[in-house]
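Protein chains: 2
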Amino acid sequence: MEVICKAKAFQRTCEEARQKGKSVGFVPTMGALHAGHLALIDALRACGCTGIAVSIFVNPLQFGPGEDLDRYPRTLDADLEACKSRGVDWVFVPSVEEMYPAGFSTKVRVEGLSEGLEGRFRPGHFEGVATVVAKLFALVGPCRAAFGRKDYQQLRLVERLVEDLAFPIEIVPVRTVREADGLAMSSRNRYLSPEERKRATGIVRGLRAAVEAFEKGERLAKSLEALARAPVEASFDAIDYVAVVDPKSLQPIDRIEEKALLAVAARIGQTRLIDNVVLGEERLL
Amino acid sequence: MEVICKAKAFQRTCEEARQKGKSVGFVPTMGALHAGHLALIDALRACGCTGIAVSIFVNPLQFGPGEDLDRYPRTLDADLEACKSRGVDWVFVPSVEEMYPAGFSTKVRVEGLSEGLEGRFRPGHFEGVATVVAKLFALVGPCRAAFGRKDYQQLRLVERLVEDLAFPIEIVPVRTVREADGLAMSSRNRYLSPEERKRATGIVRGLRAAVEAFEKGERLAKSLEALARAPVEASFDAIDYVAVVDPKSLQPIDRIEEKALLAVAARIGQTRLIDNVVLGEERLL
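Chain order of the listed sequences is A and B. The numbering of the first sequence is our numbering, which starts it at 405 and goes up by one. The numbering of the second sequence is our numbering, which starts it at 405 and goes up by one.
Okay, chain A solo, but in the shape it has when bound:
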């Protein structure tokens, strides 16, 4: 496994791999790798990728003022170990200066999809995501890239970006990996105290309640949102949103015709967690 810090060297390595006939798969991450990230690697392998590139970069552009950029977990040694054990070929670990040298001034924005849900509570977040993803895609030139469904809005935004700008890349969405009690895997779970960790299942309990009601025939967004909200309200300190939206446009809907995304964001102490389920498509264990 090669660990590369320089953008040009990383680009050259990926280019050489492609020229040797490798089918390059790419997993962009902010490090602090957990089983959810490893599932992304496995998904690319299962799609037939014969070379896997992983980037580890805590992207300052996607953090707002007052967010957790400074305390975001950095666990490089363990991350590299995990990549190695999963058979990753190339790990790109650039500095902020390497990704955004002095004078950097290009921004990529996906209108519409960036504005609701996370976008309302994290202004500028998705412009940061779109910009770094566009740059990483240009560096790697992968044939496939994997993104977790836990960050569902990000996944939709990247799908849109790739379609709009004609990147010749297949986006592989990967199911959320959960702890035994249902909590969605997240690097931010490390922030939780043992007591907060117990309360944190409130979100998945809310999602489950809504899935059950949906399966029994409930189709009204307001009713499903209320069911999902109750356990979150009981266990979290604050709710940013509990919302039923169209799974493609992410626009609010009143009544579910076929499928809908139920997305939740809430805070325990300083920790902000998100999770979601696509009603009519997924079940939650």
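Bear in mind the hints are in silico, worked out from the structure with no lab data behind them.
Treat identical chains as interchangeable: a pair holds within one or across any two.
Using 30 Å as the maximum straight-line C-alpha spacing, the simulated DSSO-like pairs for lysine-lysine come out as follows:
| id | residue 1 | residue 2 |
| --- | --- | --- |
| 1 | K426 | K410 |
| 2 | K652 | K511 |
| 3 | K554 | K426 |
| 4 | K511 | K410 |
| 5 | K511 | K663 |
| 6 | K511 | K554 |
| 7 | K412 | K652 |
| 8 | K412 | K426 |
| 9 | K412 | K424 |
| 10 | K410 | K652 |
| 11 | K554 | K652 |
| 12 | K626 | K663 |
| 13 | K426 | K488 |
Keeping the supplied structure of chain A fixed, place chain B upon it in accordance with the hints.
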């Protein structure tokens, strides 16, 4: 020569050419081709490109309300003839719907460089340019792309875009091609009546006056701007700007140390023309 209307087919063709070992050069145009465009093709050939792709697309995103999108000259048959005679391999002629299908919502913006000069008079123009260029680059995947120095701000913006987003593309700047009397070649010159056409040399006469003064030692921006402005004022109906700026940042400067861009935009009737010279680098015939 292949003429291709569909984005996916064009992307596939360029990809196949690359895989066959072609060194693909790319010239994005809005059609209405003239000797300036043909010089771009020749420049790529001179750089060693063995396959040349040209796009012809009047990009609505880069036209503001009240600008000349509707009357912009469309001369497809003559354009294809010109491409063929110059040995172009692939011409991409997409419809607006092919480039921007329903739901298209990604925008690319280059901050700083987009705001002065043209940006002040054409709000949104450079966002349209950056967006279409990013998409065309992703479609073609060229190793080189040629841009004319007549659209100097656009050239700088594309250079910045390519560097920031790490597109593995060499940007080849090409000297402005001029008519016998010095008028810079432009598709918009077709708008001029014979009488307006004569007056239109005011800009190049202004640039020449400034070059002469610069060569005699004048270094004050204000003085050089005044010299360039006089013949434009005498022959055009309105001046948007006559500005001496730093050739890299395009920020206004007071005194020229080594080089400076002198850029002019002015209107005759309904026709808006631009031109420029880099003082300390170019002479004008």
